[in-house]
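Trainee: Whole structure, please, built from the sequences with the hints as guidance.
Listed here are the chains, written in short residue letters.
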Amino acid sequence: MRKLLSLLLAAALLLTIPFAFAEEREEVTLTMGKEFDYNGKHFLEGQSLENNYYLDYIYDQWKVKFEYAWIETDDYQKDSAAIATGELPDVMIVDQAQFTTLLENDLIQPITEAFEEYATPYMKNARDIYYIESYDAATVKGELYAIPKTGVKKQHVFTWIRQDWADKLGIEIPELITLDEVIEIAKRFRDEDPDGNGENDTIGLPLDKKYIIGQTQTDYIASPIANLMGSYARIWYLKDGELTYGSVTEETRNALEYLAELYADGVFDPQFATRDEKEVVVGGKCGIFFGAWCAGPLQNSYGFDGADWVPVVGPVDEEGYFYTTFPVPSNEYVVVAKTCEHPEAVVQAVGAEYDFHRFLTGDPEWEAKCTEYQNEGVNWRIMPIDIQIENGDIVAQRGIDVAHMIETGDRTGISLENQSFYNAYLKWVEDPSYLTGWLRWKGMALGCNVANYEKNVYTSPVFWGTTATMTEAWSNLQAMEDETFMNIVLGNAGIEAFDEFVEKWYAEGGQTIIDEVQAYLDARS
Amino acid sequence: MRNKKYAYQYHLMLLPVMAFLLVFHIFPVFGTVIAFEKFMPAKGIFGSEWVGLKFFQQMLSMSNSWRIFRNTVIIAVWKIVMNLLVPICFSILLNEITHTWFKRLSQTIIYLPHFMSWVVLAIPIMNIFSYDGVVNGLVKVLGGEPVMFLASNTWFRPILIITDVWKEFGFGTIVYLAAITGIDPALYEAAVIDGANRGQRMWHVTLPGMLPTIVLLATRSLGNVLNAGFDQIFNMYIPAVYETSDIIDTYVYRAGLLDMNYSLSTAVGFMKSVISIVLILTSNRLAWKYAGYRIF
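These protein sequence lines map, in sequence, to chains H and U. Just so we're aligned: 259 in this note's numbering is position 259 of the first sequence, and the numbers increase by one with no gaps anywhere. Count along the second sequence starting at 1, add 1000, and that's the number in this note's numbering.
For the record, the hints were derived by calculation from the structure and aren't laboratory data. Please note: incorrect hints may appear among the correct ones.
[What the hints assert, rightly or not] As a list, the in silico DSSO-like pairs of lysine-lysine whose alpha-carbon atoms are at most 30 Å apart:
(1) H/Lys141 to H/Lys210
(2) H/Lys78 to U/Lys1038
(3) H/Lys278 to U/Lys1140
(4) H/Lys504 to U/Lys1043
(5) H/Lys141 to H/Lys168
(6) H/Lys41 to H/Lys210
(7) U/Lys1140 to H/Lys210
(8) H/Lys168 to H/Lys153
(9) U/Lys1054 to H/Lys504
(10) U/Lys1043 to H/Lys78
Mentor: In structure tokens:
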């Protein structure tokens, strides 16, 4: 009996050995603070944030699972509260200020080795070729402390116009649009009842309530107008070789004064300060706006009342030049809490989710699943660690590729990912109710190509970090800036409020910060 | 000695409340020390660098400080005064109504909003005052131009005060009605015999009868001079109206929790507490002097 038992035991042991080797690692669960806006996103039947192909592929590759510590539309407060208590989830995506605070407080761990060992070629490519500056910002004393966002360089807002409304009112949409034409179209859309319901309920241009001007990748921002006037608010750039903070310049003063005139004239949405402009566009109350190639409400608006949006380059100046900025190289960081036992799992997960997302798995089965996602228009934000990792001018290339395929039907040499967009387009041609395909045509074949317009003039930010004085004074200065901009445009304050703001800005830390940034740039060059 | 025995049981019943007070009110007070440090969460209260009055200096040098202090006091004083006057008038008027069912119904209706939180109420209120809301509909009917009430520094503060009074006056009314019920009916009979009309009875009997309650509530509310109502403002304001509605509490929230300036925000909060304590002590003395009531 005993013999039999020991034999059985030995057999059992033998059986488990190969499995033990196959199971190279134990299952790892990462807790993650997740920002996610369910609005406008959808999932495949039966899928959710906790159950989707991205997670499946990550688990399949690395046995890494995710548990969300929170899922919030805007998780900035949650991040800040977690930092304040020092109890962090394993992974968070934080902004520049939070990243600095985390570093100062020694709450996050370096991932240098994990990155070297486990970062995929795709990630390393992003680091090496285009965005050395992002990784520089994430590196402290030779140690990499985060996976920084490496965004798309050429991607900015431009003018979108509703062709169907324009036709109705007999407006010819030009190929290049000037500011005067934008304003004229906005006024006619406002006044001439383009939706034909007999009510005076349409508006001219929507306007972003948070920034008004200053970013060039936020929908509804009035930056195209400000940039045309030489104002580059909210970024640090070199103006005639001299370090300048864009929000305190004479040009910004002029731009705000002009925007206030436009607002008083009713060109902008009278309610912009208190509402979400997305609703206005989706609700069919607006026929012209400044938006990016992937502008959120386009597809919903098309689905709602057949809004036929077309992208137009502009507003341009008399010689046809369009002025805009490159985005700040990185303002988002994936950080790993000091308490996390598997920093390598974070790098692995990011690598895997992008391999899946960019058709780099080399496995037809997973590629089919990704195609399914692209066809259904499943948003990439559902991936667990939704940080942008792009290899440079992806948007411009996408524009060229998709337009080329639609024109000629020729797919040679085009990435699987871009081919999937063309497939979606073909599907739309057959079945007009398939909205994603429509968006592939409008957003990619037409919208992305705006980035390839040869007379785009880009201004580059030269600084995007946090200086010592910034940690204490910057948020106050920015609040002052937001408030002043908004009050001037609303007409609550005259333009002299701007001079007051500039004076206070310099006095309450601005001058010190300029000196610090200058010193930083001097030290770097 | 029997007294002591009773007192012992009463104290025992008080224990959970005392524990609550200790954990959530007394203990956090020591955290105020971070106002004097350059606080870093990881280093904790004991490890952070001591910087003395640095953040108090920064607070005083900020152009916003005076504004948030002024807004707090103005909004709070208006609310205190209106929340005193409106319920007094309303309760006296309601008391004159003889239909019991109508009285009861009105009490219940005006009392209802008191139980709702501002998170919930802010949404309908913002709709009512929005550009295409009910109020602007009325303005248009009367031939006016629609106004952006919630983005206007002229209108936002009155809206805060009016909606707060609307929410809270039902509660005050019930307290005063109770006080009125306590007035000896014999006084009214005597007044009638003496030939007093309705107005005179209100003025000479009802009002004096309510006076102790009025003085009590008034002095007690003095301690709230620096509480302008975080919940309400936080749920309704936008940057355009910071000028007239940014109060100490909303500022502390933004600076501390959102911008992670923990020390600065604690310094501002600390100043508020100091002033509040002075006001509470004063009101306590006043209450003792004029209403024979004291808290401690």
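Trainee: All the hints need checking, so say for each whether the structure fits it.
Mentor: Hints and how they fare:
{"no.": "1", "hint": "H/Lys141 to H/Lys210", "in the structure": "violated (35 Å)"}
{"no.": "2", "hint": "H/Lys78 to U/Lys1038", "in the structure": "holds (22 Å)"}
{"no.": "3", "hint": "H/Lys278 to U/Lys1140", "in the structure": "holds (26 Å)"}
{"no.": "4", "hint": "H/Lys504 to U/Lys1043", "in the structure": "violated (33 Å)"}
{"no.": "5", "hint": "H/Lys141 to H/Lys168", "in the structure": "violated (62 Å)"}
{"no.": "6", "hint": "H/Lys41 to H/Lys210", "in the structure": "holds (23 Å)"}
{"no.": "7", "hint": "U/Lys1140 to H/Lys210", "in the structure": "holds (29 Å)"}
{"no.": "8", "hint": "H/Lys168 to H/Lys153", "in the structure": "violated (37 Å)"}
{"no.": "9", "hint": "U/Lys1054 to H/Lys504", "in the structure": "holds (20 Å)"}
{"no.": "10", "hint": "U/Lys1043 to H/Lys78", "in the structure": "holds (20 Å)"}
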